[in-house]
Amino acid sequence: MDAGLVGLMHGFSIALDPHNLMWCFLGVLIGNMVGVLPGMGVLSTISILLPLTFAMKPVAALLMLSGIYYGAQYGGAICSILLNLPCHPPHAVTCLDGFPMTRQGRGGVALGITMLAAIIGAAFGIIQMIFMAPYIANIAFKFGPQEICALMLLGLLAGSTLAKGSPIKGVAMTLFGILLSLVGTDVNTGSERFTFGFLELSDGMELVAVSLGLFGIAEFLKSVNSLSPTVKAAKLSYRDLRPSGRDVRQALPAIFRGTFIGSLCSLIPGTGPTIASFIAYATEKKLSKTPERFGHGAIEGVASPEASTHSAVQGDFIPTMSLGIPGDAVMALLLGALMIHGIQPGPRLIVEQPDIFWGLIASFWIGNIMLVFLNVPMISVWVKLLSVPYRFLYPTALFFVCIGVFAARNEMFDVAATLAFGAFGYLLLQLGFEPAPILLGFVLGPRLEENFRRSVLLSRGSLETFIDRPISAFFVGLSVLLVVAQVYAALRKAKPPVRVPEAAFD
Amino acid sequence: MMLTRRLTLLGATGLAASAGRGAQAAGYPDRPVKLIVPFAPAGPTDIMARVIAAHLSERMGGSFIVENRPGAGGNIGAAAVGKADPDGYTLLVHSSALVVNPGLYRKLPYDPIKDFAPLVELGTSPNVFLADPKSGIKTMAELVARAKADPTAFSYASAGIGTTPHLSGELLKYEAKIQMTHVPFAGAGPAIQAILGSVTPIACVSLPPALPQILSGALTALAVTGATRWAELPEAPTMIELGYPDFVADTFQAFLAPAKTPQPIVDALVKTTLEILNDKAIRALLQKSGFEVLANGPAGLAKRITVEIPKWRDLIEKSGITPV
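Here the protein sequences come in this chain order: A and B. The working numbering puts the first residue of the first sequence at 1, with every later residue one more than the last. The working numbering puts the first residue of the second sequence at 1001, with every later residue one more than the last.
Bound conformation, chain B alone (with noise of 0.2 Å):
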């Protein structure tokens, strides 16, 4: 009862939102517009997509959808919507792993650039390098220098293999000319537990969900993988900063919808979801729940996919991980 009285109140709203606008893509949407994450919800790429979708009904009208179709490392959920109608009811909100895969798989069902219309990136969040404050490393340069000299000291534990997180790890290992035994374990959730109960001395994993654990003094930050230092921890490095230029190796998610979609229906989801986007309010509660916000149109979006395939891929290559 309570339930559909919302739901109700909802589609309310967002009826009446729709009166006021209409005319930017004549009559769409007309019926629900799934989104489709191809991955668990409540994961960052789940909460983002949860979030778009709920202002994309009140600011388009009708209802915007998000569906879960996990599996594969993403590749369930992306082929889908690759090989969905393009008449715009059908879009993906995916993760990095859009650009990683192609890169970890030896054969993918679809086809990362030609499949899709890239709409917009819409956030990132970097990783950070943690240490366990037993270990007693504090900097990235005390743990190269240990690392160098004794090359069997160390292993890392990442949420899995071929996330950015560990593929981050194989890149400081590369750069810094370092040994360190690559642990993986199913999500960032188990490798945080696991640098907390000493299991290994260093862990690799998404900032949103250790921030808490940086916080309260469990864990040491020794540097975020991304472009800029993150608002909430300012006191940890940058990789660049420390001396490593293009060290940059973060997760973002992008909206993309399957190639061929009307471009009138591409234009006014582009055009709603920056609006969304660069919304102070939604913006904040965005950035509070672990996203740095891009609000990239579909140039720098493309841009970045046929920039981040190959760099993984030749990531990938060098750290010796076979593709499946």
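Here chain A stands alone, though its shape is the one from the complex (with noise of 0.2 Å):
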């Protein structure tokens, strides 16, 4: 513990270095227009940014970059809450029930919640880091293939429900989102699925392309051919921009949970934000006594989602740092702007290099600060952009979607992937059928099937190994307990009124 708050106050003297501090602000700044712009993706902003770092020093380099990722989760809820752009995986859950909140005039309370939820979620995450790093670290270790696999299963089970409507339709909709989610190279054989021939499926979909399409393009077909604008901007008065004391005792438990889903997931190798942000949704709509509330501007998939967002993006950092693997591309970028400067990250790196490694963490909370006296101001600016004409206002956003799209890897295939997906999922609002579960099986879809196959591989074909090992019997005996709960609570609701053969027809 000790070791701790003396490592912390020799971060400060490091992060509050007027250089430093320079460029963590320009971090947090550069990514907070990140997240902001529909489009612009943080992975490539980072990788455009990179080489400039050369010429820097290394704790500044650093703290600059972390600060484009962390700061980027800040702007990045604003497009799905306001406009249903999911611009940044990890905050397309939140359109679910952020836009229904706009709709009914209360984007600015759902604004004002995400950022509650960050800085909890945020602060969560960097205590653990301060405290816990090393031995956190090692439950890592715990989670072999056979523990992400049976988590994934209980993901996909509870998730599949997620959206309003007709739970079969759900259903369809998650394995419609796995299917998608072969499109590519197997990585257990190497072998190419789905790719028809094109070289630029060959490493899989782009998931940006996929939930822009789905959400942003899809919404703005169906808008365009609606007669009257689906949102308004009118009466806004400065009350209606803040959440009530009911809003914050209803999100407050939420984001609790949020939170505590978010570093979990951040710590399990391949789970990053965006997984956390699906499973916490789908975890608050599950214990949640009203879930018909939910997708209908349910304030607790707001806040739930964010927080597990926030928490998990600093989590993030805990294995890159004390073990020197990166959880993810971003987190491997990381790496790679130090491992330039001649630092290898590893085991040693918070001995070896104090300065990095505590510098980071305190110019988190220097960082975290910035960004929320940064955009609670500007909450009432992003929501007077809705009176923006739609007619301007949208043309504008998919000019960004389209560059955002086609930056992400170069290429113009992305792009026309989105525009296929948005036709595509006009196609499934129209005939009722939601596309969140898509993105829930197409994010959790490919690590259920990787570490099946590994987990199978190791045992030698033997399925037993799924409850030999405590953590993922635990996974599974819950997933069995879930399904038995579904059947049950449809058995006990269809008893009454007896059933003609006809109405299954219905």
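Facing chain B, according to a computed beta carbon distance under 8 Å, are these residues of chain A, among others:
| # | residue |
| --- | --- |
| 1 | L50 |
| 2 | F141 |
| 3 | T189 |
| 4 | S202 |
| 5 | P269 |
| 6 | G324 |
| 7 | I325 |
| 8 | A329 |
| 9 | M339 |
| 10 | P347 |
| 11 | R454 |
Please keep in mind that the hints were generated in silico from the structure rather than gathered at the bench. Glycine residues also receive a C-beta, built at the ideal position from the N, C-alpha and C atoms.
Reconstruct the complex from the two isolated chains, following the hints.
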């Protein structure tokens, strides 16, 4: 405990150095802007700015690049909530309840709650990094392929009824999402699946392309075809922008649950903020006494995934900094930036480069506080953005979306894919299918498959491996319980009225 | 603001430097030159390309920019350069995938020999065979002996199908006549994490990302697959020393231009790149980032490409991997 505080004091002396402070501020500012702009991704921004860090001191470089990462999360929810544009995958699930809130004129409240969720989630993530980084990193090793596979199974089962409306349709969409995720090169055999000869598909679909298409473009197509504008910015007073006491009371427990889920997910290899946000949303809906409110502007549906994203983003740094093993592509870039300066990230980083480790943690505090001050006053500005006539607002947003999707891989193909998914998403909306579970299947499916096959490869074909290990047995048990409970509830509901066979064709 | 100023500064130093030189290939470059990296940013190939690009800008004037075109095991980016105008403004920094992929893919969208003019073999990183200390294995001989005694006892993690670490593992199985189950992961990081968490007792990955774990004692290095021992890991023997002649399986980084690029431009690029790689400070930096700097000119690179394509193809066939 003490070592943590001493280290943190040292860290503050590094992070408050005017030179480092300036780069930290620049990082969170760029990040925040990237987050707000529809389309620009964290990954492409960091890779564009990476060469600039050659000329910088390694500490300053790291503070700036990390600032971009967590700064972007602050802006990331804005487009999801106000425009239904999930430009940043971790905030895709925020669309589900955030956008309905905007339609009810409560967009400002939703944004206010995301700020609260952000600061609580981030603070928890940082505190656990200060005091428990080395111990917590070891938890990661308890999660082998069997555990990850079982957890993903649980996530898929819990989440397939993620959306409002018919559960059967939800399950169908989840399965469709899993099918979509199969496109590309199979990790276990190297053979290509469903690529139809397109070289561009050999690494699979881009998550941004799928989510922007299914949500953003589909929503756009729906709105341009309707006579009255879907979002009204009228009747906005300052009061409407602030969450009321009741809102906060409703959101707080969800925020804490989301924070916990986010920090857990960040420790499991290959499970970053995006997966965390989906699992948090699904959990919240499952635990809620009024699950029918979800999808119609439930504030918990915004609070929980947002908190989990922020806590997972901070938690992401734990395995990266204390083991030298990057959890995702952004972390790999940050480690690359260190390696360019000749610094080897690894288990001895904390001891050998205390300036980097503790300076980074201290800068998290400073950066997050700066972000709150940057963003809270801006909420009313963002909400006013909605009063820009639709005919200007959406084409502009779409323009940025295209640039962003292109910039992710420098690939025109992905822009076309986004538009195709948009058309498909529109069709789904017309038929009453919610697109959210597609994303769930798309995000969790590959982890499930990859780890299932890995587990079975290691156990030489025996499925017992999933119940031999306590953690995975626990998750499998929960999954079974979930299915049984679902079936039981359905049967009980179905009992009283004696069903006529024809009713099945409804 | 700050950024633009810094950019201008960078540009200004580049211009000043070019004023002194000129005349190598008259007028080249008069617009930005793209160095295409067919992999994601921050990987070894990308780091090497960015270091080279920064110094090329400085020494030749103009701007050399890195563009990542990842996908299809490097085939997308390589094809883009192979089909580009041979005017010296689109260049390629590739890895061993250039020589491995012809054996791995049934059909390539480019010809690895005919479509490119080799410039410089930049650097190389060996792979390393790792053992989990909990498995009790300390040497390669122990691993081979125990794997012979029980053919189902061992599995090994690699950075993915068709990567040189995977093929190194297959080569070991073939040469030592042992059995191990291959468990592919998506990259070196997850593979290292797997062996750290005792998911597999053995792993084969590129050496640089594993080095910190070896030095801290969390993992045991059984052997490196380079031609010589690795400077920062002097106690780990090479496979050749252990009695496996010709067992060299490393990942190189190579600099190429489209075929038919004008000779004066090729000469200027080769000359400047070799100067950069022979600069002591740059060499030391690259070494620290995990590269052994090679600095072989066009002839050396061309030879390596022609030798290695059949070598890997042969190994891929022997280890029973079906080309895609």
